[in-house]
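Starting from the structure of chain A, add chains B, C and D where the hints point.
Number of protein chains: 4
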Amino acid sequence: MPFCYTRTIHFPDTDAAGVVFFANYLAIAHEAYEEALGTAGMKLHSFFSDTGTVVPIAKSEAEYLRPLVCGDKLRVTVTPTVLTPHSFELRYEFFRIGPTEKLAARIRTEHVCIASATRERHPFPATLAEWLKNG
Amino acid sequence: MPFCYTRTIHFPDTDAAGVVFFANYLAIAHEAYEEALGTAGMKLHSFFSDTGTVVPIAKSEAEYLRPLVCGDKLRVTVTPTVLTPHSFELRYEFFRIGPTEKLAARIRTEHVCIASATRERHPFPATLAEWLKNG
Amino acid sequence: MPFCYTRTIHFPDTDAAGVVFFANYLAIAHEAYEEALGTAGMKLHSFFSDTGTVVPIAKSEAEYLRPLVCGDKLRVTVTPTVLTPHSFELRYEFFRIGPTEKLAARIRTEHVCIASATRERHPFPATLAEWLKNG
Amino acid sequence: MPFCYTRTIHFPDTDAAGVVFFANYLAIAHEAYEEALGTAGMKLHSFFSDTGTVVPIAKSEAEYLRPLVCGDKLRVTVTPTVLTPHSFELRYEFFRIGPTEKLAARIRTEHVCIASATRERHPFPATLAEWLKNG
Numbered sequence: 081m082p083f084c085y086t087r088t089i090h091f092p093d094t095d096a097a098g099v100v101f102f103a104n105y106l107a108i109a110h111e112a113y114e115e116a117l118g119t120a121g122m123k124l125h126s127f128f129s130d131t132g133t134v135v136p137i138a139k140s141e142a143e144y145l146r147p148l149v150c151g152d153k154l155r156v157t158v159t160p161t162v163l164t165p166h167s168f169e170l171r172y173e174f175f176r177i178g179p180t181e182k183l184a185a186r187i188r189t190e191h192v193c194i195a196s197a198t199r200e201r202h203p204f205p206a207t208l209a210e211w212l213k214n215g
Numbered sequence: 081m082p083f084c085y086t087r088t089i090h091f092p093d094t095d096a097a098g099v100v101f102f103a104n105y106l107a108i109a110h111e112a113y114e115e116a117l118g119t120a121g122m123k124l125h126s127f128f129s130d131t132g133t134v135v136p137i138a139k140s141e142a143e144y145l146r147p148l149v150c151g152d153k154l155r156v157t158v159t160p161t162v163l164t165p166h167s168f169e170l171r172y173e174f175f176r177i178g179p180t181e182k183l184a185a186r187i188r189t190e191h192v193c194i195a196s197a198t199r200e201r202h203p204f205p206a207t208l209a210e211w212l213k214n215g
Numbered sequence: 081m082p083f084c085y086t087r088t089i090h091f092p093d094t095d096a097a098g099v100v101f102f103a104n105y106l107a108i109a110h111e112a113y114e115e116a117l118g119t120a121g122m123k124l125h126s127f128f129s130d131t132g133t134v135v136p137i138a139k140s141e142a143e144y145l146r147p148l149v150c151g152d153k154l155r156v157t158v159t160p161t162v163l164t165p166h167s168f169e170l171r172y173e174f175f176r177i178g179p180t181e182k183l184a185a186r187i188r189t190e191h192v193c194i195a196s197a198t199r200e201r202h203p204f205p206a207t208l209a210e211w212l213k214n215g
Numbered sequence: 081m082p083f084c085y086t087r088t089i090h091f092p093d094t095d096a097a098g099v100v101f102f103a104n105y106l107a108i109a110h111e112a113y114e115e116a117l118g119t120a121g122m123k124l125h126s127f128f129s130d131t132g133t134v135v136p137i138a139k140s141e142a143e144y145l146r147p148l149v150c151g152d153k154l155r156v157t158v159t160p161t162v163l164t165p166h167s168f169e170l171r172y173e174f175f176r177i178g179p180t181e182k183l184a185a186r187i188r189t190e191h192v193c194i195a196s197a198t199r200e201r202h203p204f205p206a207t208l209a210e211w212l213k214n215g
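Chains as they are written, first to last, in my numbering: chain A, 81 to 215; chain B, 81 to 215; chain C, 81 to 215; chain D, 81 to 215.
In isolation and in its complexed conformation, chain A is listed as follows (with noise of 0.2 Å):
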């Protein structure tokens, strides 16, 4: 089963539309990746002095299947892959709660571990890596 993240979506989420401004999104999608770090144990605050490492976004990709209003409720789903050894995948999928639920969204976004000092790829720390396996 995937990390599940349930969050409401507020006034400072949308645009003049009326509804979550696309990039807004992502954001969310991130709030997800951060709770499945801290349920498995790791602190985004601490991670990068903790581990020397830093594993920023090399690509983002989405797909915005209905509007979000103030006040939906969303489920939103973690799958972490991993691609290289120094490289991983997270999918995302957004669903909005209801009498029936439908996908909203996919998104997928792809992380690089580097070492903070070289800026050279480097292996993920041992946390991090677990959580990849069982995520």
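Be aware that one or more of the hints could be misleading.
No copy labels: a pair is met if it fits in one copy or bridges any two.
As the list claims (entries may be wrong) - Once the Cα atoms are required to be at most 20 Å apart in a straight line, the calculated SDA-like pairs of lysine to any residue come out as:
#  : residue 1 : residue 2
1  : K139      : E173
2  : K213      : E169
3  : K139      : R188
4  : K153      : L124
5  : K182      : C84
6  : K139      : I194
7  : K139      : R176
8  : K213      : S167
9  : K139      : R171
10 : K123      : V149
11 : K139      : R186
12 : K123      : P203
13 : K213      : L124
14 : K182      : I137
15 : K213      : G151
16 : K153      : Y85
Please keep in mind that the hints were generated in silico from the structure rather than gathered at the bench. The model shown is predicted, which means the values in this text are computed figures rather than measured ones.
Below, chains B, C and D without anything else, positioned relative to chain A:
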């Protein structure tokens, strides 16, 4: 007892100083307001069209007492007070949850009720008036 | 020559990693799109009511090639291409301006034109069609 | 003459009420502050490491006088005043540019200078002190 909203600090809330960007405290306060209204049965998405009124924010004030970092858990209280027949204030206190709970910020917003059509001051719709009384 | 938008990176664009948050590249791309439309005489604020159509974003893709920090100056190019009678894509390139200009990101958004009333696919309004042709 | 920053309102600044979200006025004020510092030769990106001090915002106040919509052009003035040997305030006025220029908002932020290492109050670095004097 005031309404309580709990919220985790995420990466999109922060800035390059490593802490929550000062403007984002106000966005989090607005989320707490929306949740308080939602709990009282009001939906911000349809409030404007349902009631023919809008309640724009005329003033805001904030005291930033402690920095907040990614992963911090907040408890935000919301306390409404009627100011005039057409305006009210909301006071928010941000507590950082932890072994010793700390007051992290105090926010105040002032809202004016106006008719959407004429943009003139207008009494509160009934559901809003009731929430302001019982808040 | 594609349309060019110049933009300075500011604190609210950044996150606790000290660089521009990945979702904010998409927000900056949208700013460039708005400026391109504005230069062609279209106003996003009244476009929807003026034409009875909306052009929501159906897909986005981004490649993040270099981190951007507070104070960086960007040149963003916008190149539109018609895909079908009801859809178009925009390709953006982000260049960090400096002694040696560097490509910092590539973004792509896909937009679908629909009638506001029926939510069904609709041909492009004339001004939009012209911009897409000459873009 | 106070420092002037010009800025166009874009979609990401707005919310589902169709106007600029109240918290985003503060983000725009911060952009104006950064531009004022940059014009005076200070770079926010390296200010902290260059000087060993930080100047977090301790308070903010805002009066929202007129709604702002996508495409509006703003002129934002920034006026600094020293309050104590370790603190200063910035006053911002937002003017909506147009046939008749209108005051759209008044913002005030209060900043405290502290040493990064000890988090104790610290005199202003020289370049900042000079800007505050000549603002």
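Evaluation of the provided hints:
1. K139 / E173: both (17 Å within a copy, 14 Å between copies)
2. K213 / E169: Classified as within: same-chain Cα gap 12 Å, cross-chain 36 Å, threshold 20 Å.
3. K139 / R188: Both. Shortest intra-copy (8 Å) and inter-copy (11 Å) distances satisfy the 20 Å Cα cut-off.
4. K153 / L124: between (25 Å within a copy, 14 Å between copies)
5. K182 / C84: Close inside one copy (15 Å), not across copies (30 Å); limit 20 Å.
6. K139 / I194: Within. Shortest intra-copy distance 15 Å satisfies the 20 Å Cα cut-off; inter-copy 29 Å does not.
7. K139 / R176: between (25 Å within a copy, 18 Å between copies)
8. K213 / S167: within (13 Å within a copy, 39 Å between copies)
9. K139 / R171: Classified as both: same-chain Cα gap 12 Å, cross-chain 15 Å, threshold 20 Å.
10. K123 / V149: between (30 Å within a copy, 11 Å between copies)
11. K139 / R186: Close inside one copy (14 Å) and across copies (10 Å); limit 20 Å.
12. K123 / P203: Answer is within; shortest intra-copy Cα gap is 19 Å, inter-copy 34 Å.
13. K213 / L124: The answer is within: 19 Å in one copy meets 20 Å, while 40 Å across copies does not.
14. K182 / I137: Between. Shortest inter-copy distance 18 Å satisfies the 20 Å Cα cut-off; intra-copy 27 Å does not.
15. K213 / G151: For K213 and G151, the Cα distance exceeds 20 Å both inside one copy (35 Å) and across copies (23 Å).
16. K153 / Y85: both (11 Å within a copy, 16 Å between copies)
Of the numbered hints listed earlier, the single one contradicted by the structure is hint 15.
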